[in-house]
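Please take these sequences and the hints and turn them into a complete structure.
Line by line, the protein sequences are chains L and D.
For what it's worth, the working numbering labels the leading residue of the first sequence as 13, then goes sequentially.
For what it's worth, the working numbering labels the leading residue of the second sequence as 5, then goes sequentially.
Keep in mind the hints are simulated off the structure, nothing from the lab.
Treat the hints with care, since some could be wrong.
[Claimed, not checked] In silico EDC-like cross-links for lysine to aspartate or glutamate, where the CA-CA straight-line distance does not exceed 16 Å:
| # | chain 1 | residue 1 | chain 2 | residue 2 |
| --- | --- | --- | --- | --- |
| 1 | L | Lys37 | L | Glu211 |
| 2 | D | Lys560 | L | Glu65 |
| 3 | D | Lys423 | L | Glu323 |
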Amino acid sequence: MIWLVALAQTLLFVIAAPLLAGIVKWVKCQLQNRKAPPLWQPYLNLNKLFRKEVLLATTTSQLFRAAPYIVFSISVFTCAVVPLFIVNVPTTAIADVIVIVGLFALARFFLTLAGMDAGTAFGGMGSSREMLISAIAEPALLMVFFAVAMTAMSTNLAMIIKQLSLNHLWLQPSLIFSALGFILVALAETGRIPVDNPETHLELTMIHEAMILEYSGRYLAFIEWAAQIKFILYAVLFINLFFPWGIAHDFSWFGIGWSILLLALKLTVLAVILGVAEISLAKLRLFRIPYLLNLAFILGLLAVLIHIIIEVG
Amino acid sequence: MKLVLLLAIIIALSSSALTLALHYFPRTLKFVFFTLLGTSGIGAIGAGLSVLITEQNISHKIGLSFPNLILQFTLDPLSGFFLAVVGIIVISVACYGPSYMRSYEKQRPITSMSFFTGLFVSSMYLVVLAHDVFSFMLAWELMSVSSYFLVAYHHKHAANRRAALIYLLMAQASGLLILFAFSILIKFAGGMSFDVLQATKISPTWASIAFFLAFFGFGMKAGIVPLHVWLPQAHPVAPSHISALMSGVMLKVAIYGFIRFTFGLLGNVCWQWGGVVLFIGVVSALLGVLYALMQHDLKKLLAYHSIENIGIIFIALGLSLIFMSTGHPLFASLGLIAALYHCLNHAIFKSLLFLGTGAILQQSHEHDLERMGGLFKKMPYTAWCFLIGCISISALPPFNGFVSEWLIFQNAFQAVTLKSEIMRTLIPVAAALLALTSALAAACFVKVYGVIFLGQPRTRHIRHARDPRFGMRLALGFLAALCMFFGVLPTFTISLLNVIPKQLIGAQLPNAQNWLWLIPITSKTSSYNALFVTAGILAIGLIGYWLVRAYFGRIKLRTVKPWDCGYGGINSRMQYTATAFAMPLRRVFQAAWSICEKTEKTGSETSYLLQINDWIWQYVYLPLERFSFTLARSFSRLQGGNIRVYLAYAFITLILLLWMVA
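Laid out in structure tokens, this is it:
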């Protein structure tokens, strides 16, 4: 039964991912006094892209054709090991937080390689920038994860969330610092403003879009969907690590229903906040981004130090 | 088993001796030599595995005609593990060699190379088996000298001779430091056998001196920063299969020496030692990868990555020492196992990458990344194998490099249990820097792979490249399969390795017998199941593919020219180059290198010059070189060339000696 719940959880992740992207877009449009597309517009886009024919550049190799499937399946697999609405799922034992960081890195490895495959300047530019950002974001992310893992004395995600939600620890100073650090890393990793703008196709500023410029049709659909999944993964990780109130621990229909309802509410609030933040912030210059991520790293480090010095000793 | 072991060594030695006899029959020579080498590799693996499984040591003594001098060799689990590592790489080199040597045969006889390769391999077997100081140093020096001749194989270029000389100098310096370290132990113990050395206790001060001598001695051979400068010079110069042996295995033999000396012989460790090892490890890992990022000579780049990986191994060893000295034997054994597992993994993926590089060089005759490109379509088999190597070295799941780094992270995570607040805060920082290192390594290998295999060919040579011959393909496939095996099913190996910390530290991992789940401490703390990760990703990929295909129909493809912004005429020079790819990282981490960047305009032409140098080479080694030359020159004034002056020197020396004796 619990494995079925884990499966349901994964499917919910995958299916809800485009919706969250739609909500953010809807909020932004409302705030900018534009006519908003319907919330389910990302589904319509995916549906259209899946049906469309793929334009394949002559210069590309087999890797270019394999990468969308690989990236997509890694993203979906990561969903399986992150608790969504119930904590005690057996799949979390397969991969702990460090493996999750590794899985994100693996997906990015293939995406950046695919970016370089067509042999155009755009792809290389996107890949190079993506690797710059990830190289600095990854240690910061790991520091943040270390800080939260230390409070639970475990790197297993279920254990961490359980500990954080049981002990009502969210007022701990180390958690506040880790939460701030996590937000900065998540903005960078999911390619949101101020690091990357998901809506432009202006060559001087784009990162993620430059990398996938050669993709079209079904391949593009897989990659877009994977990006949306990554976005919802980071959102859920943020909510479940730092605001885990109400998440179900063990299997009960009532608990799960309540948990899903609360989660949907929290995700909507997060999407609104993100939308407001995105229209009020400007994109940073590329060489300013390392400062931002260094700040994230320092925050993570402070969280670890505060935990080690004050909260343990 | 003793017979197998003896046979392995005798075969390796005889392969070397036979080459001299077969000098006039080069074709026979090649096949006989590599067959014997491969057989010895199989023997080494067999002997190594058997001692890891049965935990029964094998000893052998050889008496010499000198009194009190007995060469003692013992195969215990630690040497067995390293023997097996050497064996694995020797086998793949033996598969690879015959086809690879084709390009060398045409230029000059391969007798000397085969002779010294045989000697090199057998000396590595002997180093890990040696059980007394005399035989250890004998084998160690044999290893250094025979590898010098291999580095100097292309001695017609002055630059190669220079690289080989630097290698020999530093190898001798490291040998000297190790000898000093051993002599301190011998002074206290009064014997040369490792058993005697192990049993004696020495004062903490002398132990510290001996430890640091050994650390820098073995570290110099392993390539820690700042003693790494020989490595990026020597490795690219040697033929590729020799680079694989040197980078993949010889550096590991130096690690073996360090582990044997510290964990086996010294015993009582201080936490400060661990702190220093950890610090040097972090510095080596980070600087190694940063220097590698700026390289576009493929073999030099791989050599810098060896420095990085040696740094990672020393991080694990440093953690292990810290935990051992503070009374946490369980975590100490986790660190040691992580270090050993990374030794194995690095040996495999680095050899895979070096052998892959050899295949690329043989086909394209290019060293320089900026002149390659688009090789994926020309040599797909090599490309897939190389991809596996790149993923493994970048420490990405589910391949082998990730497992050992994951273990190191798990070990660093246990720092919370330490009493010392400094260590408790510094170890997480070290872990974060390790994360930075592996992220930078991933960036570097995206660059390498993207520029070599993807995109369009940048030069004409590249267009004629093909996949190499069967033997080379076999070696690449074998190593790539091992990368997957050790990544997906790590628990088999780790449960075998568990006997080593049991003997050296006196503790072992409690949950290592579980074959499916990798559990370093307890299943509550952390667990990793690489098999499920791999199976899950594959299954989801296939299901996704079939579902989309069933629902939306077969994929419709149309090949077109890549998007050129509507201008047309896209060509291979418009691609991102390796330098361009690394440029943002160069700008962010610019303090790590001494960069000289110039743009000059002469008439209508603009030239751009970019030089990136190693700080340490510029500010430590070059002044040292200049100083030693000045010193030598001032001494050379003594040599007037006049026979009467020399006679006077001899006379004065004689008088002085007589005075001292009397």
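Hint check:
1. Between L:Lys37 and L:Glu211 the CA atoms are separated by roughly 10 Å; this keeps the pair inside 16 Å, and the hint holds.
2. Between D:Lys560 and L:Glu65 the CA atoms are separated by roughly 5 Å; this keeps the pair inside 16 Å, and the hint holds.
3. This hinted pair checks out: D:Lys423 and L:Glu323 have alpha carbons roughly 14 Å apart, not beyond 16 Å.
Of the numbered hints given earlier, the model fails none.
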